[in-house]
Every structure is written in structure tokens, then in C-alpha cells.
Amino acid sequence: MITVKVGQGSCGISAGAGKVFNSLKNIISEQNINANLSVTGCIGMCYLEPIVDIYNDGVLAARLVRVTENDAQSIAAYLTDGDVSKIENLLLSDEDRVFLDSQTRIALNGCGVINPEEIDDYISNGGYTALKRALTEMTPETVIEEIKISGLAGRGGAGFPTWFKWNAARSSQGEEKYLICNADEGDPGAFMDRAVIESNPHNLIEGMLIGAYAIGAKEAIVYVRAEYPLAIIRLERAIEQAKEKGIVGDNIFGTKFSCSFRIKAGAGAFVCGEETALIESLEGSRGMPRLKPPFPAQSGYWRKPSNINNVETFANVSWIIRNGGEEFAKLGTPDSKGTKVFAITGKIKRGGLVEVPMGKKLSDVIFDIGGGMKTDKSYKCVQLGGPSGGCIPADMQDTEIDYKKLSATGAIMGSGGMVVMDESTCMVGMARFFLDFTAKESCGKCTHCRIGTKRLLEILDRICKGEGKEGDIELLEETCNEIKAGALCGLGQTAPNPVLTTIKYYRDEYEAHINEKRCPAGECIDLVKYTINEDKCIGCSLCSKKCPVGAISGEIKKKFTIDTAVCIKCGQCMDACRFGAVEKK
Amino acid sequence: MSCNCSCGKSDLSLLNDTLEHYAAIPGSLITILQKAQGIYGYLPADVLNHIADKTGIPAAKVFGVATFYTQFRFKPVGKYLIMLCQGTACHVNGSLMLEKTIFDTLGIKDGETTEDGLFTLKNVACLGCCSLSPVMMINDETYGSLTPQKVRGIIARLKDEALKEAAE
Chain A
1 MITVKVGQGS CGISAGAGKV FNSLKNIISE QNINANLSVT GCIGMCYLEP IVDIYNDGVL
61 AARLVRVTEN DAQSIAAYLT DGDVSKIENL LLSDEDRVFL DSQTRIALNG CGVINPEEID
121 DYISNGGYTA LKRALTEMTP ETVIEEIKIS GLAGRGGAGF PTWFKWNAAR SSQGEEKYLI
181 CNADEGDPGA FMDRAVIESN PHNLIEGMLI GAYAIGAKEA IVYVRAEYPL AIIRLERAIE
241 QAKEKGIVGD NIFGTKFSCS FRIKAGAGAF VCGEETALIE SLEGSRGMPR LKPPFPAQSG
301 YWRKPSNINN VETFANVSWI IRNGGEEFAK LGTPDSKGTK VFAITGKIKR GGLVEVPMGK
361 KLSDVIFDIG GGMKTDKSYK CVQLGGPSGG CIPADMQDTE IDYKKLSATG AIMGSGGMVV
421 MDESTCMVGM ARFFLDFTAK ESCGKCTHCR IGTKRLLEIL DRICKGEGKE GDIELLEETC
481 NEIKAGALCG LGQTAPNPVL TTIKYYRDEY EAHINEKRCP AGECIDLVKY TINEDKCIGC
541 SLCSKKCPVG AISGEIKKKF TIDTAVCIKC GQCMDACRFG AVEKK
Chain B
1 MSCNCSCGKS DLSLLNDTLE HYAAIPGSLI TILQKAQGIY GYLPADVLNH IADKTGIPAA
61 KVFGVATFYT QFRFKPVGKY LIMLCQGTAC HVNGSLMLEK TIFDTLGIKD GETTEDGLFT
121 LKNVACLGCC SLSPVMMIND ETYGSLTPQK VRGIIARLKD EALKEAAE
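Residue numbers (this note's numbering), protein chains in the order written: chain A, 1 to 585; chain B, 1 to 168.
If you are wondering where the hints come from, they were derived from the structure by calculation, not from laboratory data.
Don't take every hint at face value.
Said to hold, decoys possible - Straight-line distance between alpha carbons at most 20 Å, and here's what the computed EDC-like set of lysine to aspartate or glutamate pairs gives:
1. A:Lys445 to A:Glu283
2. B:Lys75 to B:Asp46
3. B:Lys100 to B:Asp110
4. B:Lys100 to A:Asp436
5. B:Lys109 to A:Glu534
6. A:Lys19 to B:Glu141
7. B:Lys54 to A:Glu534
8. A:Lys584 to A:Glu534
9. B:Lys122 to A:Asp436
The following block holds chain B by itself, in its conformation from the complex (with noise of 0.2 Å):
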């Protein structure tokens, strides 16, 4: 795990495997980048700035291609990250409003976590499930057919389970 905090210290030698396998391999930069925000959880300043000094690349191309792609992020997830989808077929079928009902609930709007490091919301293009739509997709599971109404249930549902296991 890397340090929350902004001290800006991760602890790099979780990298050493990856750059070892990959480093030397043209073209691996996103390959290692996704590998680091598998460990790290995302991209920590350090960690760009190591994989740019391990590679050779120069660290404005590493930095340049992290943020060019949306997979990558730059700041820790909260426990749950929703993913909302946002494809056509969601449209169609009103992800719009669920958008609002997660800000409503959440006060969280795109790529932004709440307060208490519970929820991340993150807008996406198209998860693909569109028969189930709208849909929308937290840690790995999956809640389609969704309204206004299930959503609040289904956050209130994930609060209660993150406060209990705080109290355990």
C-alpha cells in the first residue's frame, strides 16, 4: 500500500518486479502504469516520477501518457468506488438522474470522494451490461435496472456495512 497522506512517500520497491520484467521492453509504459495503479491503488507523484527514472523516459511523457488515459488516477479511491455508466443505452434510460441522486445522497460528483473516504464516484463510458440499463457497477459488483430509489438503498446499505465493520 502506499501513503495516503501528502508526504508523497510510496513505498517504490513494490514497483521493482514489474520494472524489472518491463522496463527494458519499447512500448511497456502503459503496461507498467497499470501494473503500479494495480498495487498502489493509483498514481502516486513519486511512483511517475520513479518509473520515468527506472525507463528512461522523461518524466513529462510518463506524466503526459498517465493522464492522457482515463483508467489512470491520481489521487487514493474510496472504499467504494461507483462506477456510474454513462452509455447511450444508461442515457436513454436515465443515468442522468442517478448522477444527481448520488450527488444528492453523497454530495460526491465526478472522479470526487466523500469526506469520510467511503464513496468515489467515477463517470464511465460504457460497462457494456446495456440490457440492465442504467447500470452502474461498485468495487466488483454489478446493479442494473437501477432508480433513484435503489440507489439511495443500495448506498445506505454499503454505509451501514462500512460502520459496522469500523465498530468491529
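Isolated chain A (complex conformation) (with noise of 0.2 Å):
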């Protein structure tokens, strides 16, 4: 039986594969084609999407790379007559392979293989057997020892250990716990928890209903970001499928475990990622955090004991039941056990979900799996962990995937954006985008984040317009150590990082703004002029043309000039220009 599956996430949906798996739906009714056409979920290469996998019996048989509507046409011939040749032009190349070829998927584990929308083609590559062992197997303490053994860490940026949260709620009194996850993925770069949420949203609540059952807790809670509509839906037909099944609800495979579980949407606020921020938006509070000591496993929900992880960690539980916490301690460094999946974007040129085991290089994930640059301009460095991570220089490329080893370089492992940028991005001006993030979104509870990332923002702000003074990076420095000493939560603690890893690697960037008003990677916009080289104008006027202010003038075959006063420097002219006489600088 061949299966013909649309990859339907939302970067598959965005690149057209909505309009993809109509016109295959239409062609295969029309002409009568013995094929079943299904939907599964996003398997990470989104530099090619829309991705179309052929099924021969179970088998993959060809792999089809940014297909179009019109495609459908060859695509109909090849399943008709099995001609390979009709499909050629779209098959997955060898150097698009090695992206996947060179994963290890624990937590993209039947990402954009099995149909998220029902639940039998989950059960029927062995899902839910995680939980059924652990149910009926195991107790509630060796999950906990079985999720201590295979050394799993929380995959939200902390990377506190998940067995002693669970072991600390589990031991704390009261009968009434919680059991949360966060997939407020607000990082901004980071979108590995929406695509498994997508993707594969069994295996989220499978390793939730896990979770639930070594706390002791009655009630599970995803906290999903407004911004994900596909990812609620596929979630709450999941949730209504299990139910259904008697997965979720009272006795679960006839035991005496039993767990509600329902979706709680947010509302947009990057603060709630922080768990005591998370369960204030919960209770339907501002998100802002509450002091710890009490941790949320004393006193979270509703004051009860509450545990909450992240998709991603949770993503593994279940491969982790099922294959024993030795084989996923086996993957990874000695601090660092097993996978972590990257979203890899920026200027790259192969961008999408990679999932490596800790350990890997940065280069391997770069170049090996990402294939370096898109650009022709050399690589310059990469940010770690959004807001509150930092930019690891080219030279350290080398640097290990370990939480240790990244946060010695300033940097953190993050939730796993991962933003790859060549000589055109400049620092002062990334620094400056993550603290226009952090100002505009601190929750205003504490006065050194409050306050400080807004000083922070119009030091930056006065800098990349070429008005930055002498002692501004000591202001800058002193500033930001004052935040990281004087704010509650993560978001504070964290969000002087960009600023100073920038400073640490890229000082001669702010002394270049600072001291010559110069932006040394020519982004800057106030600080960079347009002009027109005039040994390489041949006066053609295409320049002319696609100026769409009238800013340059001249006559045909005669020099032409920008008038810098009209100009507004967006550069259509420096593309439009053939023989590179447009020169920014």
C-alpha cells in the first residue's frame, strides 16, 4: 500500500503545504490513485518545505523536497507508474541527507513521520508503552530512579536535574499536586516545542501522564503560547483521542492512577516562562514571579505541590521507560547526558530542527549539519540561549554542547536557539534587539530589571546612532552586573547577558561606534552612507529606478549620485546594481 504524507507543520503550512495536500487530494480522487494521502508533522528541515514523503508498505520510498501545487501533476505519474524519473527534480539530495542522516532523535522521535492527528498510528509505533510499563511495571520511585539513572536535565535552559524535581514534589505532603508543563516558548529563535507539540503530541502527554504518576499528581496542565494556534489544536484533538482511549482520565489501563489533563493558553508574555511567572498566569494573575524559596514542588498551583518541565524534556520520558535510563546516559558528556535539539536559523544555509547528542561541537552542528553559511560573507559567530544567552565567537567554534562548557563561555545551552550570523550582523545592534526584547518585556517587579534594561537599552540605542560617549561600555558593564545582582527571577538574572558577552568578544565593535562612529559591520543604520562609486557607474540608471525615494539622479551613460539627505538607505540600489558601484560604508 503506498501512503503519500504531507509534512504539516507550521513552517510546512506557511511554504505552502496546505495548497500542496489539496491539489494531491484532488489528482489522486481524479484520476483514481491507489494511495492513502495522510498528514504528519514537521521533521525539521524547513529550508525545504513543503516536504512530501512516499510510504511503499511502510517504507520510505522517496522523499520530495520543496514541492509546489504544481508538482501534483508528476507526482500522480510517479504513483501510477512508479517511474522515478517523473520526480526526479524534487527528490531529497544527498547533501540535503546528511542534515538528517547525522541526528539522533530522542525528543523528534516520529516528528514528521507518524500522523499527529491520530492516535493509533502513535500506538502503533509502540507508543503508550512507556507509560503502560511504568503503570503497571513500576512504581512512582523507580520511574523517579529510572529518570535519575538516565541523568536527564531540564531542556527549558536551566538544566536542573528532572528527577530531583520530581523526587521534591513527590515527597512533598499533600494530596492534592500538579503536574505542569511549560510550552510558553517565548525565546525568540526557539521553536523545537511547537514542533513537537505539532508533531507528535502523544508523546508529550504520554511523558506528562509519567510525570504525573511519580509526583503523585491528579491533574496535568500544558501551558501552551497564544501564538501557536496549530500546536493547541493538534494538542487538544490528542487530548480528546486519549480520553477516548482511557489513556487520560480515571483508572488508565485499568490501574489505579488517575489524571485529568487539560490546555491553558497564554496570553504573550516572555515572563511566563519562568515557572512561578507561569503558575501566576495560570491562576489568571499578571505573570510575575514569586520568591523562591517556596519552590513551586512545596508550593506552586494554587499553593499545592506542582512540578513543572518543559516540552522537550518531557519529549524524552517516554524514550527514556522504554529503552531504560542507562542506554539514554550512554549519549552525551559526563555532566551533560543524552540529546538536545537546536532550532538552527539565521544565516544559515540549511535551517530547521537538529537533534545531536551533548557533546557535539558547535561546528558539527554549524557546518556539518547546517552547512555553514547562506551567505558569501564568512561566518562571525553564534547566540545561544535568546535574551538571556549570548554570542559565541567564530573562534570558539570548537566549544562542546555541554550546559557546563557554554556557560563558561558566557553563553547558555538555553531552551536551544540557536542563531547562526556572518560579518553583516552587528553586535552592538543584537545586543540591542535582545534589550529592547528584555525592556519591553520585564513584568516591572523588580526595579534593577525595570529600570536597569531600559538604561540599558538607551545606552545601546545612543551608540548604534553614533551618539555614544566615553565610559559607555564601563556604564554598560557596571549596569548590567548591578541587574544580574538585584533581580528576582531568571528573565533579570539573564538578561545583561547578551550585552556582556558581546563586550567580552566584541569590544572593538562598541570602541569603533563609540570612538569613530563607525558600525565596522555596516548595519547600523544611522551610522553607515550610500554612495556611488564613480570608476564603476556606467550611468545604466537601474539605480534610478528602484531608488523609491528619487534620491539618486543623473543622465544616461553620465555618473550618477545620492542625494544622502533624500536618501533612506535601504539598499535596493547597492542590489540593484551590477557592477558593484553602490558602496556602503
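Relying on the hints, combine the two individually framed chains into one complex.
What follows is the structure, given as C-alpha cells:
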């Protein structure tokens, strides 16, 4: 039997997977082709979307990439007679195959393979056997012990041992306990949690139910970002299906264990990624962090013992119970076990989701898997950990992916956002970008964070505008340290990291902005000027035709000039010129 | 639909079902606000006061919660809501230039609506389509790999569509 699977995660759909699906559906029914059409999630090769997989009796026969609705005809022809030449131009290339082949998939296991909308597909791929095993063959204590052996640590950023949190919640007094999943993936540039929920929601449900059993919770709640509508729809559907099968609800698998399950849609606040802020939000309040201790394990949701882990952490749990903690611990480094998912984006050739064992080097991910730069400029640095993290420069590309080793650079593992930058990215501008984010997202509770991030942003703003003053770098550093010392939660304590790491590694760029009023990357608009090199200009007038504000004038076959007072520095003239005559300085 | 003028009279009965279901459940304020915004398109002041009355939550807290979260808005939005992604990947790939293009074309900044009520611009944190960056979402459609030129083309097309609709 032939099955055609169209990858429909959010990025696949944005790239046109919905249209591809519909055109395939039409043509399969019109031509009466004997093939099943089904939906799958995101395989992680976002740069090749839309992706269509063709399976023959469960074996992958062809993986087609960058498919458009116009390709339906040739795909139909292939399905009819099996002639590969009909789809040759769509086949995944050997070069791109490396992207998937170099990965070890545990958390992403099943993503882009199974149908996220059908529980039976998950079950027939071994789904819910780990839950059954935990409930029927293991005690909560042995589940926690297995997680301890695995060495699994929180994948949301902090890297705290999962078993420790579970054990603390289990040991807390009280009948009423809650298990909460943090799916408020607010870190700009990270989207693995969304992909897991959209592509394999039952894996999350299974991991959470095992966690609920371990800590003794009767209610499990997923706090999902409101910006992820598809994830919410698929998860809702998955929960309904699990209820129908008796996997969620009372006496799961006929045991004494009962657990209800619900979704809470967040309303847009980065700080709600902090667990106590998330709890406040769950209770219907402003998402402002609480003082710790008491920790959520003692006093969390409605002041009852609660355990919070993020999506990726839970996505590892069923694999660990199925294969044993020791198998998981075999992967990675002495300090960091298992695998980590990275969302690799920016100026990278092959952007998408990558899961690799801990201990791999940054360069393995960026070059071997990601294929290096997509521009002709050279690799400058990678930003890890989003607004809480930092930039790691090119000369440290051999750094191992390990919680401690990454922290030693000043960046953090974080949730796994990996934004790759080339020479055209200004590091001061990058720090400004993140501070703009954290200043807006600071909840306002702590003075140091509320006002400190604002002051940092003002200083960075003026440096980017060419109004930087001597002593600004020192002022930035001093303010950063004050914020770190004075903020209550992780958001405030880590907000200065993008500034501190860029000063640490790119102090010369700050100095060029401040002392020479120059942006070495040529990105800060107030500091760059477009001019036409008279020696190269042939007077073709293409640039003046492209200019949206009429700032370029001249006569055909004579030299053109740019009126810098009118120029809006959009760069279209530079893109248009075929002789490299437009220069940016 | 709510009244879009400033007289402050929304049809509060539209919220009856939501309030009946959620008012008594502790911790439901955000859910109620989300439902209300789904009904009215934004959160009019009289609706917020009504929610406070019916739930017994002080109006100050209702307003406090509503203003805390970026999802909630207090003014009606245009026919086309442009959500411009300002995530890291989009930033690195030129989202600031797009914001400037939108300002140059429509004269609106983040949070503003054009005078003809057609377009509202909202900067958003990350739409999660990083590999298509820079990205914007207009109503439910995502537009990827954008350039200033593409953005101008999309806006012109939507304007045309709106004009044609109005003419019909």
C-alpha cells in the first residue's frame, strides 16, 4: 500500500503545504490512484518545506522537497507507474540527506513520520507502551530512579536535574498535586517545543502522564503560547483521542492511577517562561514571578505541590522508560546526558530542527549539519539561549555542547535557539535587539530589571545612533552587574548576558561605534552612507529606477549620484547595481 | 460586533455564555478576556467593567491583567492585521527594514492603524517560521522570505482588494 504524507507543521503550512495537500487530494481522487494521503508533522528540514514523503508498505520510497501545487501532476504520474524520473527534480539530494542522517532523534522521535492527528498511528509505532510499563510494572519511586539514572536535565534552559524536581514534588506533603508543562516557548528563535506538540503531541502527553504518576499528580496542565494556534488544536485533539482510549482520565490502563489533562493558552508574556510567573498566569493573574523558596515543588499552583518541566524534557521521558535510563546516559558527556534539540536559523544554509547528542561541537551543528553560511560572507558567531544567552564567536566554534562548557563562554544552553550570524551582523545592534526585547518583557516587579534594562537600552540606542560617549562601555558593564545582582527571577538575572558577551568578545565593535562613529558590520543605519563609486558607474540608471524615494539622479551613460539627505538607506540601489558601483560605508 | 465609536456601548449580552461558564471557576480571568477579544475583536472598556462586575474580580485587577499581556488590545484593529515578526532570525535577516518599508508605505508604526481603517501594524516576538525569515502574517496568511519590494507589492494588492470589495 502506498501512503503519501505531506508535512504540515507551521513552517510547512507557511511554505504552502496546505495547497500541496489539496492539489494532491484532488488529483488522487480524479485519477483514482490507489494511495492513502495523510498528514504528518515537521521533520525539521524547514528550509526544504513543503516536504512530501511517499511510503511503500511502511518503507520510505521517496522524499520530495520544495514541492509546489504544480508538482501534483508529476507526483501522480510517479504514483501511477513508479517511474522515478517523473519526480527526479524533487528528490531530496544526498547533500541534504546529511542533515537528517547526522542526527540522533529521541525528543523529536516520530516527528515528521507519524500522523499527529491519529492516536492509532502513535500507538502502532510503540506509543504509550512506556506509560503502560510505568503504571503496571514500576512504582513511582522506580520511575524517578530510572530518570535519575538517565541523567535527564531540564531542557528549558536552566538544566536542573529532572529527577530531583520530581522527587521533591513527590516527597511534598498533600494529596492535591499538579504536573505542569511549560510550553510557553517565548525565546525568539526557538521553535522545537512547537514542533514537538504539532508533530507528536501524544509523546508529550505520554511523558507528562509518566511524570504525573511519578509525583502523584491527578491533574496535568499544558501552558501553551497563544501564538501557537496549530499546536493548541493538535494537542486538544490528541487529548480527546487519549480520553476516548482511556489513556487520560480515570483508572488509566485499568490501574488505580487517574489523571485529567487540560490546556491553558497563554496570552503573550515572555516572563511566563519562568515557572513561578507561569503559575501566577495559570491562576489568572499578571505573570509576575514569586519569591523562591518556597519552590513550586512545595507550594506552586494554588499553593499546592507542583512540578513544572518544559516540552522537550517531557518528550524524552517515554523513550527513557522504554529503553532504560542507562541507554540515555550512554549519550552525551559526563555532565550533560542525552541529546539536545536546536532550532538553527539566521544566516545558515540549512535551517531547521537538529537533535544531536550532547558533546558534539558547535561547528558540527553549524557546518556539518547546517551547511555553513547561506551568504558569501564569513561566519561570525552564533547566538545561543536567546535573550538570556550570549554570542559565541567563530574562533570558539569547537566548544562542546555541554551545560557547563557553554556557560563558561558567557552564553547558555538555553532552550536551544541557535541563531547563526555572518560578518554583516552588528554585535552592538544585536545586544540592542535583545535589550529592546527584555526591556519590553520585564514584568516590572524588580526595580533593577525594570529600570536597568531600560537604561541599558538607552545607552545601546545612542551608541547605535553614533551618539555614544566615552565611558559608555564601562557604564553598560556596571549596569549589567547591578541588574544581575538585583533581579529576582531568571529573566532579569540573565537579561544582561547578550550585552556582557558582546562586550567580552566584540569590544572593538563597541569602540568603533563610540570613538569613530562607525559600524564595522555596516548595519547601523545611522552610521552608514550609500555612495556611488564614479569609477565603476556606467550610467545605466538602474539604481535610480529602483530608488523608492528618488534620491538618485544623473544622466544616462554619465555618472549617477545619491543625495544623502533624501536617501532612506534601504539598500535597493546596491542590490540592483550589476557593477558593484554602489558602496556602503 | 462591538460598537466602534467612542460612545462605549458594546453588546454585553454576547458575553453571557462565556461568563456563565467561566465566571465561577477560579483562575479563569485570562480565558474570559481571550474569549471576549474573540467576540469583540478587542477589549472595549465597558466589556472589561462588565467582566469585573460579573466575576467579582476588582476592575483594577481586570485592567491590570489585560494590560500585562501583549495578546490583548484596547482599540479596534484594521481590516488587515499585519503581524511583523521581530524574532532573532527575522531581525538578522532584515525585519527592521520591513518595518521601515511599512511605515514609508502606510505611515503606521507598531500598534497604529491607518486612517482608512484598513491596516494595523503589530510587531510580534516570534512566529516560529524562522527558516522563512523575515516573515509577516496578515490575518491568517504567512508571507515569508520578504524584501521591501515584496512587502510593498503585498500591501498594494490588499489595498486593491479592499477597494474592489468596497466598490461592490
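How the hints compare with the structure:
1. Proximity of Lys445 (chain A) to Glu283 (chain A) is assessed by CA-CA distance (about 18 Å); at most 20 Å being required, the pair is judged to hold.
2. Among the hinted pairs, Lys75 (chain B) with Asp46 (chain B) is consistent with the structure: their alpha-carbon atoms are about 12 Å apart, no more than 20 Å.
3. At most 20 Å may separate the alpha-carbon atoms for a hinted pair to count; Lys100 (chain B) and Asp110 (chain B) meet this at roughly 11 Å.
4. Restraint check for Lys100 (chain B) and Asp436 (chain A): the C-alpha separation of about 17 Å stays at or below 20 Å, so the hint holds.
5. Our distance criterion of 20 Å between C-alpha atoms is broken by Lys109 (chain B) and Glu534 (chain A), whose separation comes to about 37 Å.
6. A distance of roughly 12 Å separates the Cα atoms of Lys19 (chain A) and Glu141 (chain B); the hinted pair therefore holds under the 20 Å criterion.
7. For a cut-off of 20 Å, the pair hint linking Lys54 (chain B) to Glu534 (chain A) is broken: about 72 Å separates their Cα positions.
8. The suggested pairing of Lys584 (chain A) with Glu534 (chain A) holds, with an alpha-carbon distance near 14 Å, which does not exceed 20 Å.
9. Annotation: proposed proximity of Lys122 (chain B) to Asp436 (chain A) holds, straight-line Cα distance about 15 Å (limit 20 Å).
Of the numbered hints listed earlier, those contradicted by the structure are 5, 7.
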